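Residue numbers (UniProt numbering), protein chains in the order written: chain F, 1 to 301; chain L, 1 to 363; chain R, 1 to 244; chain A, 1 to 397.
Source of the hints: derived by calculation from the structure; they are not laboratory data.
In this text, all values refer to a predicted model and were calculated from it rather than measured experimentally.
The beta-carbon is built from N, C-alpha and C at its ideal position, and this holds for glycine as well.
Hints may be right or wrong, so weigh each one.
Heads up, simulated EDC-like pairs for lysine to aspartate or glutamate below, C-alpha to C-alpha not over 16 angstroms straight-line [claimed, not checked]:
1) 206/A to 269/L
2) 377/A to 227/A
3) 220/A to 136/F
4) 302/A to 53/F
5) 302/A to 26/A
6) 131/R to 166/R
7) 324/A to 161/A
8) 206/A to 267/F
9) 162/A to 383/A
10) 343/A to 327/A
11) 324/A to 346/A
12) 326/L to 312/L
13) 324/A to 301/A
14) 73/A to 312/L
15) 131/R to 119/R
16) 198/A to 166/A
17) 160/A to 227/A
18) 397/A to 176/L
19) 343/A to 359/A
20) 27/A to 70/A
21) 300/A to 136/F
Under 7 angstroms between C-beta atoms, here's a sample of chain L residues computed to sit facing chain F [said to hold, decoys possible]:
22) 84
23) 152
24) 160
25) 170
26) 178
27) 234
28) 238
29) 277
30) 321
31) 323
32) 331
Reference listing, derived: stretches of chain F covered by chain A, where coverage requires no fewer than 3 residues with Cβ under 8 angstroms from a Cβ of chain A [claimed, not checked]:
33) 34 to 43
34) 210 to 220
35) 250 to 262
Each chain, letter by letter, is given below.
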Amino acid sequence: MLQTLFDALSLGSLYALGALGIALIFGVMRLVNFAHGDVIAFCVFALLWPSTDAMAIVFAGQLPWYLLVPFVLLCGAGLSVLCEIVVFRRFRNANPATMMIASFALGFVIRYFLLMLYSSRPKSISLLPALSQPVEIFGARLPLLQLITIVATMAILIGLTLFLRQTRFGLEMRAAAENFSMARMLGVRANRVIMGAFALSGALAGAIALIFGSQTGTVDIQMGASIMLMAFIATVIGGLGSLGGAVLAGFLLGAASVVMQVALPVDARPFRDAFVYGAVILVLLFRPQGLIAARGTKERV
Amino acid sequence: MSAVSSAPETQLTGDVIAARKPARFTLARKTIVTPVLLSLLLIAITLITVMTGSRPFNQTVIDVLVRVIFVVGLYIFIGNSGVLSFGHIGFTCLGAYAAAWLTINPIMKSSALPGLPDWLLQTRLIYWQAAILAALFAGVAALIFGKVLMRLSGIAASIATFAVLAMINTIYSNWDSVTGGTSSVVGIPIIRTIWPYLIGAVAAIFIAWAHAISRSGLALRAARDEPTAAAASGVDIPKERLVAFVVSGAVMGLGGALMAHSIGVVTPDTFYLSLTFITLSMLVVGGMGSLSGGVIGVVLLSALIQALRWMEGGVSLGDATFALPKGIQEIALGVIMIVILALRPSGLMGNREITLTRSKRNM
Amino acid sequence: MSLLALSDITIRYSRLTAVREVSFSMTEGEILFITGPNGAGKSSLLRAIAGVTPVAGGKIQLAGQDITGQAPENIARLGLSMVPEGREVFGSLTIEENLLVGTGMQTRDRNSRARTASDLEAVYTIFPILKDRRNGQAGLLSGGQQQMLVIGRALMTNPRLIAIDEPSLGLAPNITDQVYERLIALQAQRQLTLLIVEQSSARAMMVGGRMILMRGGQIVLDGDARTLGSGEAIQAAYFGYEDH
Amino acid sequence: MAYKIRIVATALASVSLAFPALADDEKVVVGFATAESGFMEAYDKPAQEAAMIRIEEINAAGGLLGKQIEVVKADTKSDRAEGAKAGLSVLDQGADLVVVSCDYDFGSPAALAAEDAGQVSFFLCAESVKAGIQGVGPHSFSASVLAPVQGATMAEWAFKEKGAKDFYRLLDTWTVYNKGICDGFDWMMPKLEAQGAKLVGEDTFKNEDASIAAQITRIKSLPKEPDAIMLCTMMPGAVSAIKQLRAAGINSMILNGSGVDGSYWLSAVPDLTNFYVPVQGSIYGDDPSADVNKFNTVYKEKTGAEPSSQYVYPGYVMIDVWAKAVERAGTTDADAVVAELEKMKDEPTLFGTRTFTPELHHQNRARYLIVETKAGKPGVVGEWTISEPVPMEAILK
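Chain F with its partners taken away, still in its complex shape (with noise of 0.2 angstroms):
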């Protein structure tokens, strides 16, 4: 049971950490950004040396933990900032079709360059391997890494909340992602706080990066694919716009597919994600404006 409990909170951290970074940018220029999966995916690749050979040449991933991490948060921050200002920035005033298939374009450019870097076989690397220990907590034997994803990301929320409570910064992103013309007619500056946006979101994608890679082991292009689609569900269901509400979603993706996982019969469980997609219509049905709707966000349609 209690096992249970921290797989669905493990699982829904993830998510909850992806919607979040896809809430942040949606929250200031109303882009849905499916190129976020692929950032999350490059923060992993960064740890390894471009070459197309199945053995990986581990480059930056030998650092020490405390390089590690502020390493990769980096690389995602640095990415994300960098598709702002040379994609996202001309395409302020487009209508959000327009957007998103340009930030699907540059997921598409991002991932086959690194196809091109890396070759399409998926890779192995042994990220914080001290971490793949199993731990005894209240009688149940956790994986180590399970614990401190659950530890990191409500730290991370928590980071994030007094940020965005107590900064001028935080404020500013705040008003900006509920009206951002509003904002701005209050003197907020746009690039300022778009681009803190795109910052915050890359460094949220490296925090995937860092505990999906150290929990599978695994670099693949494809890798931020499955989170990447789970945490724009959640974005939706959560109100798109509504920061808490996309934890909140993500959070409760995670425990919708732990909690099929186990209950449903064995023949059943291959349609576990039918199942999970059935409630998100469900959802939308009964609150088209996600769980928790964002005041102001009018949408453009």
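Position chains L, R and A relative to chain F; hints supplied.
Same frame as chain F, but now just chains L, R and A:
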């Protein structure tokens, strides 16, 4: 952005009302040039292909024609309603499998897909009959899903349509006895002549045109541009959306059936994210508000892909052979798409249609 | 010298021209009402001044600087504070946070913290209800309270010009009275320059000041609110009788 | 009606095909319609390199039927629709043998194009029964061994040689290959249960699942840790699953299909132990056959790297058996070559024997080497051939 003050509203309401009234015949005569020109474009491409006699090129153009069907199918819903759908490839999947169920040799079928009902196991149709039934099947599925989903709008609707795609994919990937699970379903007769695909693409274009000038299509486009005004003048938005959803679902199903016949195998993952995104990209790059945009988006992007691929293969310039590194094609494609969208945010055609005289908005 | 000057401003939304070659200027300390029927282009004009809506032609100057085509945040930094239609409070932020959003553009120095605190106090003195609920969510305020909040929010930026779009929209008449009462008192006390858009000219006649009447994207009347308001001319101008 | 259209279509196709095919009678053409870019490239390329080694050997020894083998290629881009085009493209260049992608799903469009044109097609290393008569047609073959054989081999070997009694079955539903391994396991289990083994539980997951924590919790809630876990999965999800199993403190034997062979990923699970993989030949330099070790050296000379997994080998086997059949038939004519291939019974190759019959163009029984990974080091610990061939019903499941 808040509403553009109310003067245009009254004007548009007028448009909507006018659209509901007479003159359909005049409208048809005024706009038929567009589908005719688009069809002529496809016919010209097909004739050139047949004249070259190259089988790989023939297959390439078949692929383009199938994509035209997909993108036109997407346009019918997305273009007219303004709601982005990620779910339509699900209907393509339904169409492709329906075609497989209806055309595979019964002996093979009963060993590979034993879970099919008996009458279906015994059925074996000609490909075009199967394609029509597949389109109907996809249309019915779209009706069922649409009934539930068309109440939603905006991004919630987009996500819900995506959830439909994911559900269809999960079910088709795992219902082994009926769909063969993730494994390929084989034995679908392969049609390598180009003509059926041309007919399918032209039919899709004319269906899209007929829907666009129908009362339902006009009302839906009015609702896309001015939802409040359209609702005020009595347009039942969910109903008109549902009509478009069903028509486009059926066209997607037709495309799926033809795609199945063009390669001879179907698997669920063919009809998932990458096909969704490539077809959506073609529509958006071409201009999602116009039928011409969709068709031209497919033709241009396909030509671009082909050109890049050709350069990847190596081009002789005098003595030197110049070849792009493998894999650069996708990167270049992505970059070019971004550039096009940055320069023309509403796509190459914007909201215009091609006509003989000059480009015209919104047919 | 005029604080705000518009010359030949034209605004278009794709095929529709909302404002056609409008020019006017206003001086420091002035109250100017722009009135006119729905669709006259008043709000478009205001949004163009704030830099939210692009102009198709013409020039806008604020305090002698050309602000045409400038980003909204830069215009705000030059001293324009906008209170848009529908108030647009940040519903998920607290009341105090709403007030603080606009203070970011002040220069940072040792005293900025103290200055912000005293500005806050000043706003709270004008609108005591805001102080009582300072940590509550702004979205939960009533319409009138929200209107007070956004005026307070505009004041917090120490603007040279406050532009308000339809402050009476959706408010009960007695609440509107309250809002105007405070607003006018404030104007007198601080020598504020006010640009107010209202659909009805009645309020302008009551308050006084200058009034511009717009219809069909153009200025049809410009003069003193009280003298204009009493005449037959305004009726004709408002409803456009003379055209038909 | 449908038949007529098809007949006309096929007739037209064969007219246009016949011409280029006749034109180059002076050489034998092998066409590779495989992935040179994209996702499948990493799987196709190594096997293709091995095939090239065999082709070069044959050419060096005077060629096939006295003619040099010429190679033509077309890139499938790891895409099915492109695969069909690639198949047609190499056929247009006169291919006598069409070599298609390793995976059935990606290779079949090209193979179907070859079948349509009446040419022999060979999957580089597909392990589904459909890569052959059942899925493509009577001219199609695969050079590897069926996936169910791997599952059956591991189950029987673990029971007979390692004394494993309690088995747990963990299936990744992503691909047919994964399901195939478990199908073989399912066919073997009842035989072992009659001798005292027991299936104590089963579960499924998806390759792309971010976490299999819920599945692990189910294993841990068993009264006793199972002796062996049959893990039917493939890369990249396999690494993730293995890592999570071990991180959760589950130390059971892990039995696998050949898909996880290779040492390139072992760094992800440091000191992995009690881990078993069936292989057709060893890439670790300890193969019982000296010829295999010699091949590894040649491969390294040619490509600059040692084989990364056993999936290199089927490429070599493929050209080997096809060339033998061509020599015996004395022609590259498809039907004659197929007839010769179907006569092969326990035909020796560098990497085990091959048998083809008119019913099955695939191996339903094969000698497998068992590679054990112990403290992070893989090495051959034995070999096993299942007691009876996997029957058609289990293969076609």
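Comparing the hints with the structure gives:
At most 16 angstroms may separate the alpha-carbon atoms for a hinted pair to count; residue 206/A and residue 269/L meet this at roughly 14 angstroms. Straight-line distance between C-alpha atoms of residue 377/A and residue 227/A comes to about 21 angstroms, which puts the hinted pair past the 16 angstroms bound. Restraint check for residue 220/A and residue 136/F: the C-alpha separation of about 13 angstroms stays at or below 16 angstroms, so the hint holds. A distance of roughly 15 angstroms separates the Cα atoms of residue 302/A and residue 53/F; the hinted pair therefore holds under the 16 angstroms criterion.
The suggested pairing of residue 302/A with residue 26/A is violated, with an alpha-carbon distance near 28 angstroms, which exceeds 16 angstroms. Distance check on the hinted pair: residue 131/R and residue 166/R sit about 24 angstroms apart at the alpha-carbon level, beyond 16 angstroms; violated. A C-alpha spacing of about 36 angstroms is found between residue 324/A and residue 161/A, which places the hinted pair above 16 angstroms, so the restraint is violated. Our distance criterion of 16 angstroms between C-alpha atoms is met by residue 206/A and residue 267/F, whose separation comes to about 14 angstroms.
At roughly 13 angstroms between alpha-carbon atoms, residue 162/A and residue 383/A fall within 16 angstroms of each other, so this suggested pair holds. Note on residue 343/A and residue 327/A: the hinted pairing holds, with a Cα-Cα distance of about 13 angstroms set against a maximum of 16 angstroms. Note on residue 324/A and residue 346/A: the hinted pairing holds, with a Cα-Cα distance of about 13 angstroms set against a maximum of 16 angstroms. Restraint check: the Cα-Cα separation between residue 326/L and residue 312/L comes to about 6 angstroms, which is no more than 16 angstroms; the hinted pair holds.
Of the supplied pair hints, the one linking residue 324/A and residue 301/A is violated, its CA atoms being roughly 25 angstroms apart against a limit of 16 angstroms. For a cut-off of 16 angstroms, the pair hint linking residue 73/A to residue 312/L stands: about 13 angstroms separates their Cα positions. For a cut-off of 16 angstroms, the pair hint linking residue 131/R to residue 119/R stands: about 13 angstroms separates their Cα positions. Distance restraint check for residue 198/A and residue 166/A: the Cα-Cα separation of roughly 5 angstroms lies within the 16 angstroms cut-off, and the hinted pair is therefore satisfied.
The straight-line distance between the Cα atoms of residue 160/A and residue 227/A is roughly 13 angstroms, inside the 16 angstroms bound, and the hint therefore holds. Distance restraint check for residue 397/A and residue 176/L: the Cα-Cα separation of roughly 9 angstroms lies within the 16 angstroms cut-off, and the hinted pair is therefore satisfied. A C-alpha spacing of about 12 angstroms is found between residue 343/A and residue 359/A, which places the hinted pair at or below 16 angstroms, so the restraint holds. A distance of roughly 7 angstroms separates the Cα atoms of residue 27/A and residue 70/A; the hinted pair therefore holds under the 16 angstroms criterion.
At roughly 47 angstroms between alpha-carbon atoms, residue 300/A and residue 136/F are farther apart than 16 angstroms, so this suggested pair is violated. Against a cut-off of 7 angstroms between C-beta atoms, the interface hint on residue 84/L holds, since the closest Cβ of chain F lies about 5 angstroms away. At about 5 angstroms, the closest approach between the beta carbon of residue 152/L and any beta carbon in chain F falls short of 7 angstroms, and the interface hint on this residue holds. Satisfaction of the interface hint for residue 160/L is found here, the shortest Cβ-Cβ separation to chain F being roughly 5 angstroms, below the 7 angstroms cut-off.
Against a cut-off of 7 angstroms between C-beta atoms, the interface hint on residue 170/L holds, since the closest Cβ of chain F lies about 4 angstroms away. Given the 7 angstroms rule on beta carbons, the hint for residue 178/L is violated: about 13 angstroms separates it from the nearest Cβ of chain F. The closest approach between the C-beta of residue 234/L and any C-beta of chain F is roughly 21 angstroms, which is over the 7 angstroms cut-off, so the hint fails. With its C-beta approaching chain F no nearer than about 12 angstroms, residue 238/L sits outside the 7 angstroms limit, and its interface hint is violated.
With a cut of 7 angstroms, the hint placing residue 277/L at the interface with chain F holds, because the nearest CB-to-CB distance is about 5 angstroms. Interface hint at residue 321/L: violated, since its Cβ lies 20 angstroms from the closest Cβ of chain F, which is beyond the 7 angstroms cut-off. Taken as an interface hint, residue 323/L does not check out: its beta carbon lies about 14 angstroms from the nearest beta carbon of chain F, beyond 7 angstroms. Evaluation of the residue 331/L hint against chain F yields a held restraint, the C-beta minimum of about 5 angstroms falling below 7 angstroms.
With 0 residues having a Cβ less than 8 angstroms from any Cβ of chain A, the segment 34 to 43 of chain F misses the three-residue criterion, and the hint is violated. Coverage of the segment 210 to 220 of chain F by chain A holds. Counting CB-CB distances below 8 angstroms, 6 residues qualify, and the rule asks for three or more. Under the rule that three or more residues need a Cβ within less than 8 angstroms of chain A, the assignment of the segment 250 to 262 of chain F holds, with 4 such residues.
Checked against the numbered hints above, the structure violates hints 2, 5, 6, 7, 13, 21, 26, 27, 28, 30, 31 and 33; every other hint is satisfied.
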